[in-house]
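This is what each chain is made of:
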Amino acid sequence: MAKKITRRKFLRDTVIGGIVLGSGLGGYRITYGQTKKPAGPIKIGGQGAISGAHADYGWQMMAGATLAIEEINAKGGILKRKLELKFMDEELKPATAVKNARYLVTDWGADFLFGIDSSGSAMAVGPVLPELDRLCFFCHAATHRLTEELVAGKGIKQVFRMVAPVYQDALAAWVFKDSPEIKRWAGINCDYEYGYVAWNLFKENIKKFRPDVEFVAAAWAPFWTMDFSSHISAVMAEKPDAIFATPWAGEGVMLLRQALMLGVFEKIQAWWQCMGGSVDLLEGISREVAADKFKGKLWATARYIHNYPDTPENKAFVSAFRKRWGKFPNYSAEASYSTIYAIKAGAEKAKTLETSKVAEALEGMELKTPAGTRLIRKEDHQAIYTVPGGKVTHSPDYPIPVLGDLKIIPAKEYFRHPPFTPVAATK
Amino acid sequence: MKLKYFLLGALILFLFILPIFSGKYILYMTIHILLLSVFALGFNLLLGYTGLLSFGQAGFFAIGAYACAKILLVTPSLLLGTIVGVISGGVAALLLGYLCVRHTRIYFSMLTLSFGMMIYSLAWKWREVTGGDDGLVGIPRAPFKIPGILSINMNPMENYYYYVLVISLLSIYVLYRIVHSPFGLTLKGIRDSENRVAYAGISVRNYRLLSFTIAGLYAGLAGSFLPPLENTVTPPIAHWTHSAEPVMVTLLGGIHTFSGPMVGSIIFYIIKDIIVRYTQFWLVWFGAIIVFLVLLFRGGVVIFLTERIWPLFKR
Amino acid sequence: MGNMLEKLLFQTLIGLSFSMYLWLLAAGLTLVFGVLGVLNFAHGSLFMLGAYATFTFYGKIGLNFWLSIFLSLLCVGGIGLILECLFFRRIYHIDLPYQLILTFGFILIFDDLVKIVWGGVAMIPPMPRFFEGSLNILGRPFPYYNIFIIFAGIFVALLLWFVLEKTWWGRTIRASASDREMASAIGINIPILFTNVFVFAAMLAALGGALGTPVRVVAPGIGTSMIIQAFVITVIGGLGNLKGAFVGALIVGILTSYGILLFPIFELFIIFVVMAFVLLVKPEGLFGK
Chain A
1 MAKKITRRKF
11 LRDTVIGGIV
21 LGSGLGGYRI
31 TYGQTKKPAG
41 PIKIGGQGAI
51 SGAHADYGWQ
61 MMAGATLAIE
71 EINAKGGILK
81 RKLELKFMDE
91 ELKPATAVKN
101 ARYLVTDWGA
111 DFLFGIDSSG
121 SAMAVGPVLP
131 ELDRLCFFCH
141 AATHRLTEEL
151 VAGKGIKQVF
161 RMVAPVYQDA
171 LAAWVFKDSP
181 EIKRWAGINC
191 DYEYGYVAWN
201 LFKENIKKFR
211 PDVEFVAAAW
221 APFWTMDFSS
231 HISAVMAEKP
241 DAIFATPWAG
251 EGVMLLRQAL
261 MLGVFEKIQA
271 WWQCMGGSVD
281 LLEGISREVA
291 ADKFKGKLWA
301 TARYIHNYPD
311 TPENKAFVSA
321 FRKRWGKFPN
331 YSAEASYSTI
341 YAIKAGAEKA
351 KTLETSKVAE
361 ALEGMELKTP
371 AGTRLIRKED
381 HQAIYTVPGG
391 KVTHSPDYPI
401 PVLGDLKIIP
411 AKEYFRHPPF
421 TPVAATK
Chain B
1001 MKLKYFLLGA
1011 LILFLFILPI
1021 FSGKYILYMT
1031 IHILLLSVFA
1041 LGFNLLLGYT
1051 GLLSFGQAGF
1061 FAIGAYACAK
1071 ILLVTPSLLL
1081 GTIVGVISGG
1091 VAALLLGYLC
1101 VRHTRIYFSM
1111 LTLSFGMMIY
1121 SLAWKWREVT
1131 GGDDGLVGIP
1141 RAPFKIPGIL
1151 SINMNPMENY
1161 YYYVLVISLL
1171 SIYVLYRIVH
1181 SPFGLTLKGI
1191 RDSENRVAYA
1201 GISVRNYRLL
1211 SFTIAGLYAG
1221 LAGSFLPPLE
1231 NTVTPPIAHW
1241 THSAEPVMVT
1251 LLGGIHTFSG
1261 PMVGSIIFYI
1271 IKDIIVRYTQ
1281 FWLVWFGAII
1291 VFLVLLFRGG
1301 VVIFLTERIW
1311 PLFKR
Chain C
2001 MGNMLEKLLF
2011 QTLIGLSFSM
2021 YLWLLAAGLT
2031 LVFGVLGVLN
2041 FAHGSLFMLG
2051 AYATFTFYGK
2061 IGLNFWLSIF
2071 LSLLCVGGIG
2081 LILECLFFRR
2091 IYHIDLPYQL
2101 ILTFGFILIF
2111 DDLVKIVWGG
2121 VAMIPPMPRF
2131 FEGSLNILGR
2141 PFPYYNIFII
2151 FAGIFVALLL
2161 WFVLEKTWWG
2171 RTIRASASDR
2181 EMASAIGINI
2191 PILFTNVFVF
2201 AAMLAALGGA
2211 LGTPVRVVAP
2221 GIGTSMIIQA
2231 FVITVIGGLG
2241 NLKGAFVGAL
2251 IVGILTSYGI
2261 LLFPIFELFI
2271 IFVVMAFVLL
2281 VKPEGLFGK
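First to last, the protein sequences are chains A, B and C.
In this text, residue positions in the first sequence follow our numbering: the first is 1, and each later residue adds one.
In this text, residue positions in the second sequence follow our numbering: the first is 1001, and each later residue adds one.
In this text, residue positions in the third sequence follow our numbering: the first is 2001, and each later residue adds one.
If you are wondering where the hints come from, they were derived from the structure by calculation, not from laboratory data.
Hints should not be assumed to be uniformly reliable.
What the hints assert, rightly or not - Calculated cross-link-like contacts (lysine-lysine; reagent style DSSO-like; alpha-carbon spacing at most 27 Å): (1) 157/A x 1070/B; (2) 351/A x 86/A; (3) 154/A x 1070/B.
None of these values were measured; they are calculated from a predicted model.
Hey, can you work out the whole structure from these sequences and the hints?
If you want it as structure tokens, here you go:
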């Protein structure tokens, strides 16, 4: 008897559950069925980090893409169709990035994808692209494996990277190869793919020029580290001459400020902050730079800096960006701006939006972009362009610090070339 | 009575014909709902039937997911991945459960929390095995293979949907039988009065351990659904905030009904998907809904519907 | 060898300053559990709100550093008052899962609310001028600010001890923590006492957040990442035990700092092993009765 009642109760509950499910999904169908129109605007789906300590990067991406889309729409769009943008938060989580990519393509109906800040997210989204049958233009994720392994290795032709990869971070090897007084290097690096690769690539390259250098310590800071004092004091215990640091965005600012507190710049000769040329990071330390707290020992690069190259394209871009957003463009903004123009160039050359044809059209193409001439290399779909390294300095021409004393090394010298030899992505 | 069987059948039929008229995204969301339902149902065997609140279920979920991912990266066989995922989740739950069931109430919750976070920190830091913070990527959605008999391509979302649907329905049915077996009744007895059951000569601890292990098996199963779907697994799935998910949906649906966790899962995703359409700040609304429910409808949605709304129709 | 000892000593000092933020957070958490019987996940959110409030008064409006801290304590205390009177008061008698999930709901609410009000971007205000500079310890510079944090933490610990042991208010708190009915019978107004304790705990959390503002980042989610460590501390020290919480904070803070130097892979793992070990061997905590 008791059993019968519980079963009845179960059934009753299930039925109600079913009604809720049915009505919910039924409702979905109605709202979703209308979103796919064949010849509306060209839909461009982006994603980046727009929350958390790295939120400025996603915002810059959105800002750069929006600027390009407004410019192109004002001139009639691509193939006579206007562009439409939707931008989502990647949260720097691979699972979220994949979910977003699926949503953007299968539900919202995106024709192209772009963005993505984290290397982990990029490596997760890359393999899904063939199934989604869309091109994705990566505008920040830096791991070499994205282009070397996924494109050149596995032949995933839907991946394009418009931004300088982690090769850029290893530029330190070229900048410091002629400083004989710097022998002992220590690393304070991100405890994820990007951190390992940047550090390993730097070690590999500087060893080639300078067999005498030693790597005396390495501390690994997980994502979302707020207090670096333990890491700084752990590497400073080994008395390094110079420090190679990868934490970026707000974390980079924290790291540098805590290093100042711990008196690091009294003891070392140089500090290489890989992505220290990023606008948000420079803004974060502008007070300290103005007061010369770093004693001219802070060096950095970025994946684009607004004061290089000195070309009309770049000047026009920077002034348009500042006019539209009241800020200096960061590299993720330049990369997404150039991405939209690359989509335009590819689609107009292929005369279609078809994924494989646009991909083919873009291979080997040279584009004039604010960061200089970008060559989209055929083998690995990596955009090749030069970004200098420099010393973080205070300049009367700009409201925020800039990179000065620029060391310009041609990209083909410090970029890796196919066929690729593996770089360890572990400690 | 017949009407109810009819409606249950209609629901199952509806789920089976869903791919015919719905897009990929709906299927994708429905897979997530099924996954969370299985996860939460197993969890509720602990909470609703045994009276133990685990805050470490995400750990077993993650073990299932990582084990399945590891298998798929080596041998492309979906079934093998699922089986290994389920077993890993269950074995881990059995081993850790042996320690956890020594406590009840808040101490049990804290103990499960600490084991869950240990699993999280391994997933996060043991890069050689788990891929560290970047997780495991490029996991294939391998074909469903029984050697010598058949091999079904799982790449189309519809096929994978059917795979998850069939296994979920089976496992839900099995859990339903478990709950209504003498074993299930004993668990309820333990929940209501531990001493009375102990006087009857039953080892309370063994029953709790078995219940914990079954919950681990279900968490492992839910976890093993994830890697083929997302093609990636990352440490946050083991984090304590993910452990809060089955707690939330179970309380949302109601802990004292079998279907509560399922209904809670459906509502969770529907609320999330609807709110995300209007604002990126969906969590503030979801948090408010939770607070509201805890303060006013502690029985959960199912009880609310069956005891307040359903009678209105009967009249 | 001497070098190694020096390294460890310096790392201990660094860990000690980190411990103090944890202590300020865990103190309120364990106090609320001990007296009110609720384990409050959202306690970390109050820490975060303290940091945001200080950032606003000090970094944005440009008020005096001390005044900013004082004002943020008042603000977060006010939020604590609202929380207790409107929500927490209604959950003291209900089952554990509901209690926990209600407080979890507030984490979600507060994390998103600060995004709505302050935006999702991380913010770092400038350092107060009088704290710049460092003291030379073991041949290495140790920031004045860290020294200040260590003393502030110890000061709060002494203050708490004094309040609980030597004042009438403290005695009523201890009385109601050990036997609620009895305390009520001898004329202690329990509801008002609970409200006071909750507000006081909220202010302690806010103080932790506020003191961290100049050197740590202010961002959504900073409370959520700290609260779990506070849980560990509370468990190690014994749920509801303040002395235990102080020692627990030292253990967790210093262990984390050593972990970065010595065993980076197991840095987090070790802490939870300690937690599980204490729960299994001495569930009442290192300093439990």
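Each hint tested on the structure:
1. 157/A x 1070/B: holds (26 Å)
2. 351/A x 86/A: At roughly 23 Å apart (the allowed maximum being 27 Å), residue 86/A and residue 351/A satisfy the hint.
3. 154/A x 1070/B: The given pair, whose Cα atoms are some 19 Å apart, holds under the 27 Å limit.
Consistency with the previously given hints is maintained throughout, with no hint failing.
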